[in-house]
Amino acid sequence: MSLSRREMMMQGAAVAALATGKPFSAFAETPAKTQEQRIKWQNWSGGQSCLPEARLAPATAAEVAEIIATSTKPIRPVGTGHSFTALVPTDGTIMSLDRLSGVLETNDETMEATVGAGSKLGDLGAPLEEKGQALINMPDINRQTLAGSISTSTHGTGENFGSLSSYVTGLELVSAAGETIWCDKDQQPDLFQAARVSLGSLGIITKIRLQNRTPHRINKRTWVVPFDEMMEQADTFAAENRNFEFYYIPFSSMCMGISHNETDEPLAPSSAEDDDGVMTLKALADYLGWAPSLREYFIRSALEDLPEETFVDTSWKVYPSDRNVRFNEMEYHLPRENALAALKEIRTLVEGENIDLFFPWEFRYVKSDDIWLSPFQGRESCSIAIHRYYEEDYKPLFSAVEPILQKHGGRPHWGKLHTLKAPDFATLYPNWNDFLTVRQAMDPDGVFLNDHLREVFGLA
Amino acid sequence: MKPAILGAKALLLATAMGLAACGEAPQSAEERAAIIAAAETRVPSDAVLAEKYERACQACHADPENGAPLSGDVRAWTPRMEARGTEGLLQSTLNGFEGMPPLGACPDCGIDDFENLIAFMATNENGEEK
Ligand SMILES: Cc1cc2nc3c(=O)[nH]c(=O)nc-3n(C[C@H](O)[C@H](O)[C@H](O)COP(=O)(O)OP(=O)(O)OC[C@H]3O[C@@H](n4cnc5c(N)ncnc54)[C@H](O)[C@@H]3O)c2cc1C
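Which chain is which? The protein sequence lines are A and B, in order.
Everything in the first sequence is counted per the numbering used here, starting at 1 for the first residue and increasing by one.
Everything in the second sequence is counted per the numbering used here, starting at 1 for the first residue and increasing by one.
Keep in mind that the hints are not guaranteed to be accurate.
Claimed, not checked - Just so you have them, the derived chain B footprint on chain A, three or more residues with Cβ under 8 Å:
1) 51-57
2) 329-339
Claimed, not checked - Pulled from the structure, derived: some chain B residues nowhere near chain A, Cβ distances all over 10 Å:
3) Thr86
4) Gly88
5) Asn95
FYI, nobody ran anything at the bench for these hints, they're computed from the structure.
For clarity, every value in this text was computed on a predicted model and none was experimentally measured.
Glycine residues also receive a C-beta, built at the ideal position from the N, C-alpha and C atoms.
Bound-form chain B, shown alone (with noise of 0.2 Å):
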């Protein structure tokens, strides 16, 4: 009786929680280091910019424990990119995004800000982007 009741909980829960693996590539060990050391250390080029980089978004986005994607990681924004492009973007940065609070944490940025600040974040030092 018992293990008939857990598996009918279990499906119950799995359907609720949504469990879905997303198929990526794999990606090596080497290249996921230099992914996050890379994150660690760049700012956009701009002063002005580059301070509210580092106010508002490196805490989030140079952090491999946060979830957020990281900067110039671009294998994880591109999907995001495809998907929503950067008008979508923008609006979750706007509205709050899962721990991303309203304003992207940046109280005093513009829209312009907010655009140049996710596409410092979704390109690579290679030029590479989406």
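Here chain A stands alone, though its shape is the one from the complex (with noise of 0.2 Å):
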């Protein structure tokens, strides 16, 4: 029985059709849904749901306008659903940008690129390398919309990269008041602060400008190595590698590193990954959850005879995987000096009280940035995130390991589950009055608001 480098891991699992001048069909659907008759949405997980009155895909900046002013309020944007928060759900209205997608513009001498805000990421690599040009860093997988990922700051690894919102340098939004508005750091440059980490709360973003770079060649390298080593040689891979991050499997003692470099070897792609890791450890934490020694021993000595795997591919290849074994999720962003003892206390904790769990834990670095509700601002960090198979409740297992996050100084991710509230961000974020202030100018009738960004900005 040999386990694959990637079954181990937590993988479980079109350029959208730009402006196609069809009107947004459902909208016109008068009068008001009843209960019975309307759709439930629900993301990713399925931890998040509501029955919203509307779910509507406009084709222009003019139909986002036109929702703006006639739908049912609330109204959310949503990307393609991958946050585990509650930052989409309402009765009212779900705006999707689907069919605002592709690239638009690019300019070869900036190396930007303009794109529509419902981009998958996914969608966007061979576009862009038709282009000349290249994402600078991706998160672990590419379904999301780059709409979504910038409004919670979505990030990747390496500790020379920030969030994809770091590399937004303008973009387009639809105001509460209809207004189609363009920021940048010259023109409204404190909306431009304000709205590259937004949560969907200041207008309906709909093209974005991206810092891009060269299309790039990635040698992909996964490797085992025991945890109290990896403890002591972490921040030494950190700076080696172009990128690098880990994964602990809980209850093994054992952690998988894996680093990017930039490369002009020849192609090597991967062969076809299957999905059966992450399912492995479960059944071994089911079968063997009473014994943790035994269950420590199948899982270390089935890592150890896996050898060390390269692969060598396009960047917009490398960096995503499949994740098909679903999941809830917590992560937060630590002050980079704090991470690793928090990482290690966390193990402490869950393997000292035994704690049923097997989705491995993973740990990243990220460049700090200026954009005043990104995570990473002010600060070089390190991510922790813990996952929780998604018919499990994850809360008693979050609620345990979120105080050690919240003690050596973490912020959570915006999109992943935490218990946070207002006055918790006015201490952890410096600029959170100033983000106010511009969510206030912006949006003064709360036409944007849902039950969980009023907790999130104390308005409830």
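The task is to assemble the complex, starting from two chains supplied on their own in separate frames and drawing on the hints.
In structure tokens, the structure reads:
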């Protein structure tokens, strides 16, 4: 029995048409739907859901403005529903920018591209490459939309790379008043500072200009390292590789390092991955949860058999993986100097109390930025992510671990589960009040506010 | 000692992973290639549905590497239809299933659209279905 390296990881599991000119058909349907007639919206994990009055996909900025003026409130923009927090649910209108996508314009000199806000990250690789560009860094998956990603400061790993929001050099949004506004560092600079990470609370983002770079090839390497050794070496690995992250597999005392480095080696794509690895870990947890040392033995000996693995491909094909096994997730971004200590503490807690858990934990490095609501603002950071199988109750685990992440100065990922409220954010974010001022000016009547956002902003 | 433990480990993991082979009649390479070629080009005749299909379904259901049943591959759809029926497949679309997100990646589709899209993908040009 050999477990591939990728199996042990937590993987589970078209450029959309540009504006087609077809009207947002569902919108024309009045009168209001009864509860029974509505179709449930839910996020990727199934943990958040709602019965919206309308689900609409406008094809132009003018249609976006018309929906804002006339559709049932509150109006919540949605990407592909990959956030775990209740950012999207509403009884009113869910608006998707699925039909406002694709690469709209590129600038060869500045290496910037303007793209439709509803573009899925996975649909940007090929058309950008055709124009001689590539995203500078990418997260674990490519199913999210660009607008959804920047709205929560979605990040990849690499001590020299910020979140996707930090590569935004300008954006267009349609405001609650129906105005189409462009902002960048010179034009409406306060709005730009607020909008780059704004949880869909300032308006509907329709276009995003991104700083890109030239297409490049990446060599991806994965290898197994005992936990204690990883604690000693992680910072060195982070300094020596373009991108470095590691997973800790609970109850195994083993970590898996992953590095990405730019290369001109010939293409050597990875073989097809299969989805069973994480479910194997689940089965081991189910069978051997009562005997942690036996479980550790099985997982560790399986991991020790794994040879180091490398492959080479175009960057946008290397970064994303599939996640077909659903989960709920909590992720905090910690000051870099505290993060390894926090991870050790979490391990002591979970394994010491034999908390039933099989999903690997992910540890990443992210560069600081200056965006008002970016969790990476003003500090070099490391992210710690803990996952729970979607059918299991995540609350006991997350509430046991969250105090450790908070104690070490963590700021939660806006799209991942947490229990913080406005007063906590006011302490954690130096520009919290600046953001609230811009939000109040942009949306005084709360057109874009749902219950979750009211709580986050202290308006409940 | 080690081989015995490895054997036990293999058995445990194999059981855990539910390794099961499905017994399907073999399909020739030509048949497979024709199904893939058809999946890559076919779209519903209704223009509004076609736009939704191209936007939401085609990327996965016309990609042989993806693992989703190919559009028009009656052989792949038949066992699914028999086991779950249109209602079951509709529920999988609404709730998400494996790689497919809730609402099948079509944020503005209504129930009729989903049913029509499933029916389109589960049939082929020869009028075969289920
Ligand atoms: C399997 C999986 C893997 C993930 N991997 C990573 C990872 O590696 N790194 C990471 O940082 N995160 C990761 N995430 C989290 C995910 O990237 C974020 O939650 C992201 O915000 C989801 O984007 P989305 O397109 O699904 O947007 P949604 O979740 O639908 O929406 C997110 C926010 O964006 C807003 N929004 C969407 N579109 C617009 C618009 N046009 N205008 C204004 N606001 C808008 C919404 O209102 C909402 O506030 C992962 C999530 C999952 C489920």
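Which earlier hints turn out false for this structure, listed by number in ascending order? Violated: hints 2, 5.
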